[in-house]
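A.B. asks: If you read the sequences in order, they're chains A and B. Mapped onto my numbering, the consecutive letters of the first sequence carry residue numbers 3 to 277. Mapped onto my numbering, the consecutive letters of the second sequence carry residue numbers 11 to 284.
In short, the hints are calculated from the structure, not lab data. For each residue, glycine too, the CB sits at the ideal point set by N, CA and C. Do not rely on the hints blindly, as some may be mistaken.
Unchecked claim - Quick partial rundown of chain B residues pointing at chain A, CB under 7 Å, derived from the structure:
no., residue
1, R90
2, R93
3, R94
4, N104
5, V106
6, L164
7, V256
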Amino acid sequence: MGRGMTGTLAGVDRGPALELPPHTSAVGRSLVAAAGLALVLAWAARVVELRPLELLRDSGNILVFLKGFLRPSFAHIGEYAWQAVVTVCIALWGSLLAIVLAIPLGILGSRNISPHPVVYHLARRVMDLLRAVNEFVFALMFVTAVGLGPFAGMLALGIHTGGVLGKLLSETIEAIDPGQVEGVTSVGASRLQVIAFGVAPQVAPNFLSYILLRFESDIRSASVIGMVGGGGIGFYLWDTIRSFNDSEAATVILLIVAIVMCVDVLSSRIRRFAI
Amino acid sequence: MKTIAPIFRLEHVSKHYSSRRALGTLSLTVKPGEFVAVIGRSGAGKTTLLRCLARFTPVTGGRVYFRDDDLATLRGAALRRHRRRVGMIYQQFNLVRRLRVLDNVLIGRLGHLSGVARLLALGRRFPSADRDIAARCLQHVGLLERAWQRTDTLSGGEQQRVAIAKILAQEPEVILADEPIASLDLANSEQVMDTLRHIATDSDLAVIATLHHVDFARRYADRVLAFRAGHLVFDGPVADFTDAEVQNVFHEGRPAKIADEALNAIGALEWVAG
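One chain only, chain A, in its complex shape (with noise of 0.2 Å):
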């Protein structure tokens, strides 16, 4: 009697040594894949003129320009602070521009409950075109529209977010369980019954938390979009930088460093208090 013929093993067949069925090793293709990826890596390093040396020779300037932060000046600390709000609110009111936006849009684009795979594709595409145009430019073609100011970079900011937060809708609902909508379109639910109770209840928590990254990144976003004339914070800190007045972008630069910060903890507070 051999080793194995005990326990569980006694059962099991025994005779010449076995070989596993053929499979092939992965081990090639990656190798490939990261020579390929090094190749990319270093012609895009020629071409972004990567030279991390003269970070080094150019440190005394970079010195020079951060003594001008060390002494942020007060002077128009009131005008800021209410371009502070103004951004809050640009943020806001394109936030919610972007979730009205992205309901029909992402419920449309959803392979799974869009009444039509025309309409399905049509939806998918307006939010590729939503997302692939940057918000500053939407923002500039804003500006020609309606003016320079707030309700310019609102706009902008909400249609491109609308876009994105449509596609993240509409992948959280091809992603949920088809029974728990099965067990509502079987008691003869209309389509809008079945998206209020069937789908809704098992999206709702996935958006929410999409909804409030996308405010903190809208957030970071208006206190820019000013830069090209669309209200906020983000005209001053344009204009402080561009005539090298280090120490009020000092101060321009604290203040959305703390309205980020402000609203990066209190979307988190909302999370956890609602997921």
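Fit chain B to the supplied structure of chain A, relying on the hints for placement.
C.D. replies: Then chain B, alone, in the frame of chain A:
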């Protein structure tokens, strides 16, 4: 003996998924008050039959009539009306897990709402009459005190009872139950089957249930439909469903295997011809 109008009438029904035959040619009727057990191994076509009856999937051959409706012609509102009249019970319950228990029962009322009530229901506000019905149905399955709990906090057996409360609220004319007790323990299985049996007898409703357990079929059903590789191999009163028949349905002896191949060949011929 007076004749009762059938609730379902199937005429030469078959179902193919691309070229694979899921259901062979079959003709039968189901009457109100009948408790029909559908028996067979996995993949024998039991679930396909139920999905065809609920019109979740169209048949590829023959006709299915519900009362006087030809299911193939139903679209839009008429199809939703059919689904309201046909209640479904699932192995995995298919309740909306994040909703409260009461909301899941109220879902059963969705097909009955009209006008403003229908609009308000989208915001989960139901007329008091419908809320009362839902509460009574929950009481009937003994889960009224769980009304405000989130559905996924309930055990499997409790969730299946919620699903039954939902179907009671739906007021269907027939119940299709797809493996209603396959995920439940013995006590819960008996409670669910008792409730379904009472619905069939008291409300004169037809219940068509696919079952794995022959014992449960024998205890609760009036009639057995046994499927094997998509073909109906037994249709008769439960008393005639003998051990020999069970053997024939579930175990592939040599003679049975030959019978299978013959059936497959017939099926293929039918498909080519039809």
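A.B. asks: A separate judgement is required for each hint: does it hold in the structure or not?
C.D. replies: Tested hints:
1. Here the hint on R90/B is kept, as its CB sits about 4 Å from the closest CB of chain A, short of 7 Å.
2. Taking 7 Å as the C-beta contact cut-off toward chain A, the hint placing R93/B at the interface holds, the least distance being around 4 Å.
3. Hint on R94/B holds. Least Cβ distance to chain A is approximately 3 Å, under the 7 Å limit.
4. Of the supplied interface hints, the one on N104/B holds, with its beta-carbon coming within about 3 Å of a beta-carbon of chain A, less than 7 Å.
5. A least Cβ separation of about 5 Å between V106/B and chain A falls short of the 7 Å threshold, and the interface hint therefore holds.
6. About 14 Å separates the beta-carbon of L164/B from the nearest beta-carbon of chain A, more than 7 Å, and the hint is not met.
7. Because the closest C-beta pair between V256/B and chain A is about 29 Å apart, greater than 7 Å, the hint is violated.
Going down the numbered hints, you'll see the structure goes against 6 and 7, while the others check out.
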